[in-house]
Every structure is written in structure tokens, then in C-alpha cells.
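J.: Spelled out, the chains give:
Number of protein chains: 2
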Amino acid sequence: MKVVNLAQKFDAFSDHYSPKIVSELNNFCVKLVKVQGEFMWHHHDAEDEMFMVTKGELYIKLPDPDGTERDEATRPGEFIIVPHGVEHMPYATEEAHLMLFEPATMLNTRNVKNERTAAQLQRI
Amino acid sequence: MKVVNLAQKFDAFSDHYSPKIVSELNNFCVKLVKVQGEFMWHHHDAEDEMFMVTKGELYIKLPDPDGTERDEATRPGEFIIVPHGVEHMPYATEEAHLMLFEPATMLNTRNVKNERTAAQLQRI
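From first to last, the protein sequence lines are chains A and B. Just so you know, the numbering used here puts 8 at position 8 of the first sequence, and the rest follows in order with no gaps. Just so you know, the numbering used here puts 30 at position 30 of the second sequence, and the rest follows in order with no gaps.
Worth flagging that the hints you see were computed from the coordinates, not collected in a lab. Check the hints yourself; a few may be wrong.
If chains are identical, the list can't say which one is meant, so a pair holds when it fits in one copy or spans any two.
[As the list claims (entries may be wrong)] Calculated pairs, DSSO-like style, for lysine-lysine (alpha carbon to alpha carbon, straight line, at most 27 Å):
hint : residue 1 : residue 2
1    : 34        : 55
2    : 61        : 34
3    : 61        : 2
4    : 34        : 2
These figures come from a predicted structure and were not determined experimentally.
Based on the provided sequences and hints, a complete structural model is requested.
T.: Structure follows, in C-alpha cells:
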């Protein structure tokens, strides 16, 4: 049992959109990820997704019921939960640092499998 | 879907050792709690427990294999996970603010039921 310091863990990597596992509990993973630029539109069939921002600003494009899109901005000290089934597209204009809580089995791109899918996540 | 600002949520209550539910995802709860003074020795039979500190210092007394006790200190920007089955006694000399991730069904005092058991948690 060890105290995890987020800043120290973030210092251990520099790549973007490649989540790292830092801890597991109750079949959940705590992951850290650095993001910059656009990710991709996707949804998760069964899992809700939690994004907690520790640095920078995370934007998430979300569909509005009227067919338009909106941007939701999340900043340090804030988190947002995207429920399962909801299409979303995360992006960040400057580098942002995020903590994620996800079922241990979840793929980052879930319903889409492509070159951005990180199936075997690094543990830091 | 709404962005949750932790500082705003902490402003909404002042009592100690009385966790409030702020969000749910995947049958997990995100809870906020303010602590000051000693809690109690207890363990959780099945659930691992995650304490993330956003203000102040959290100390957790833990048993060492040789029968002695040690204190683990967790500070803002850090978290600690206490695995299920491990006896622990959280305390804080000055008020500390914590974010918890727990299965939606978990009692705060788990294997002990007494006046500190908060069975019906307030939602903020």
C-alpha cells in the first residue's frame, strides 16, 4: 500500500492519448493520460467514463438533443462523467492532464478499434 | 451531464465524517467528505477503498506485519488505496477534504455498525 503522487506519475511519461494504469481497486482502474489535440468521436456501450482534470483544460464535444453540438469545458479541480452510450469527442487545445476511472477491461476507444486503441496499457 | 466543481461541492457542507454523494458511475459512487480528528479502526470485507486528498493532510494508521502500527500521510494531489480486509484508522489533526470512490452499496464503517455509520448518504 503506497501513497500515489499524481504529479510524480505524470512526470513519468509524455505521450498523448495513451492512458497509463496507476492503480486498481474493485476491478476498476485509475489511469492517467495526457491529451492534446483532438481524440475522436466514440461511445462506450456499457461503461460510464469519468474525466478528472488536474492540469489544463479538457473540452468534450457532445451532441445536443436538437442535433447540434456543444462543448463542455472541465478544468483543474473539476470532473465530468460521460454516461455509457453517449457519443463524445474529447479535445484539448493545450496539453491537459487527466485522471480516469474505468472498469479494468475497458478499451479507450471502445466501440471503435483503430490505431488509437491502446489495448495493453502500460503500468506506471 | 454536468461538470462537477469539487470546491463548490465542499462549500455545500461542513460536518465531519459524513460522506456526501456527488456522482455515480458504473455502480460506483464519487463521495466527498470532510474529516477532522480520529475516525475508528475498521475494515471492509470486500471493497477496496480509495482516499484522494484535495485539502489538508489525511493520516491513516495501518498495522505493520510485526504487530506495530505505522502512519501513512496523504496530501493534496495524492491518493491512497486501502485494500479490502486491511484494518485502518483514518485521522486528521486539522480539517482535511477527501474524495472517495466506493461501490454504491458500501457503508462507511463497513464491518462495524454504530453511531458513525452513515447508511443513507446525502446527495449534494
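J.: Take the hints in turn and mark each one as holding or not.
T.: Hints versus structure:
For the identical chains of this complex, residue 34 and residue 55 are neighbours both inside a copy (9 Å) and across copies (24 Å), given an alpha-carbon limit of 27 Å. In this assembly of identical chains, the alpha carbons of residue 61 and residue 34 lie at most 27 Å apart only when taken from the same copy (18 Å versus 33 Å across copies). In the homo-oligomer, the alpha carbons of residue 61 and residue 2 lie at most 27 Å apart only across protomers (13 Å), although the nearest pairing inside one protomer, at 36 Å, exceeds that limit. For the homomeric pair residue 34 and residue 2, the shortest alpha-carbon distances inside one copy (23 Å) and between copies (22 Å) are both at most 27 Å.
Checked against the numbered hints given earlier, the structure satisfies every one of them.
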